[in-house]
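Undergrad: The chain contents come next:
Protein chains: 2
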Amino acid sequence: MTDEVKVIEIKKSIFEENEKDADALRAELKQKGVFLLNLMSSPGSGKTTTLIRTIGLLKDRLRMAVMEADIDSDVDARKIKEATGIPSVQLHTGGMCHLDAEMTRQGLDHVALDGLDLVILENVGNLVCPAEFDTGSVKNAMILSVPEGHDKPLKYPLMFSICDVVVINKMDVLPYFDFDLEKCREYVHMRNPKAQVIPICAKTGEGVELFARWLEDEVKQWKQQ
Amino acid sequence: MTDEVKVIEIKKSIFEENEKDADALRAELKQKGVFLLNLMSSPGSGKTTTLIRTIGLLKDRLRMAVMEADIDSDVDARKIKEATGIPSVQLHTGGMCHLDAEMTRQGLDHVALDGLDLVILENVGNLVCPAEFDTGSVKNAMILSVPEGHDKPLKYPLMFSICDVVVINKMDVLPYFDFDLEKCREYVHMRNPKAQVIPICAKTGEGVELFARWLEDEVKQWKQQ
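Protein chains in written order, with my numbering: chain B, 9 to 233; chain Z, 9 to 233.
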């Protein structure tokens, strides 16, 4: 296996109405039976490591592909491909701080969707802008890592209000940080009472099966709808 | 002392030419003898704690004020005021992901500039958008924390290329993370060969005097120009 990955240069959307476009993309993907998950977080909170663990648990149960959005570099798509063997493309946003539905579609054009159950989009590392743009995903998930602090739902309200799942990563370093998991849960639920909070450690894999199970259940339920 | 802080609702800029506006703001501040530092980082990398430590070291040597930009909440401005006693205003960006020169000016309108040497602007927690907008600052500084990983200069090139100083925070947790300080230094210098890299631990205060000294020297040199 070569370590080369497809790198797609994403162009700025020319469409003004992102919500309409996102709904159209969602409908198309529904027809194809492909579930799109939009995964967001701050820079360095462990999106790629969490994905590698999650894919490891699910790749024999779901047919998957990954799109890695980044301003530059193809480090993440390469890592995913090497570690999991599943198809992975890198989306270069050329400095753009988020992906919208049209940009997501540009990426999906380079993914062989036939027969896939799930595409995971790793959005740009940013707690602000990605929250404002519907990518056409069925569900939104985010990762907050312990070192970032439990007060983040107070400071980035929109991000926490649009996510169905908040994964709390780097639980192994909890003893070294002033991170209050119960307070965090409370703040997350202030923003979105229905959000699930799942503590994990992507480095060791602890807890990742809960996130994987949530994702598998969501994909299966959605397929039956 | 009351713990109330001024909260300013920042409006979107109507000016198209941010660079011109930033240069004009810089010239005005130069006339008043007020040095503006623009401090950036990811969410949760320790901007506020680093500021409190830095102000503690400098407040008898420089007359200072702080502007804290946040999407919501006044947690940070309140913390700074309580911990240091220096004037601190909170800028609410109403969901906006960065500050430009005009938005910075809106904040400065609420700061008593007469007799001040230094205003520190704590920008929105975001490694992408704030890098694209000149705030009118004399210098840009950023904080990268150990848990975020040493690869961030590869992934957020513009941010690292525009910063004069990169503070590496949370050095106390280095043993628990795969963070290579030498690699980080190398990647920072790929983006900006002149950037200073200053490892600190804001929690204990270790190393902060190096950042404070850099800042004091910059302010003094600039005043003599």
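Hints listed in this document are in silico derivations from the structure and should not be mistaken for laboratory results.
Do not take every clue at face value.
When chains are identical, the list treats them as one kind, so a pair holds in a single copy or across two.
Here are the simulated DMTMM-like cross-link-like pairs (lysine to aspartate or glutamate), alpha carbons at most 25 Å apart as the crow flies [stated by the list, open to error]:
| # | residue 1 | residue 2 |
| --- | --- | --- |
| 1 | K202 | E140 |
| 2 | K28 | E194 |
| 3 | K211 | E190 |
| 4 | K211 | D186 |
| 5 | K14 | E214 |
| 6 | K38 | D82 |
| 7 | K211 | D159 |
| 8 | K87 | E36 |
| 9 | K231 | E36 |
| 10 | K14 | D159 |
| 11 | K191 | D117 |
| 12 | K202 | D80 |
| 13 | K87 | D159 |
| 14 | K228 | E36 |
| 15 | K147 | D186 |
| 16 | K228 | E214 |
| 17 | K211 | E17 |
| 18 | K191 | D82 |
| 19 | K147 | D225 |
| 20 | K87 | E190 |
| 21 | K191 | D80 |
| 22 | K191 | E90 |
Since the model is a prediction, treat every value here as computed from it, not as a measurement.
Undergrad: Which numbered hints turn out to be false for this structure?
TA: 2, 5, 6, 8, 11, 15 and 17
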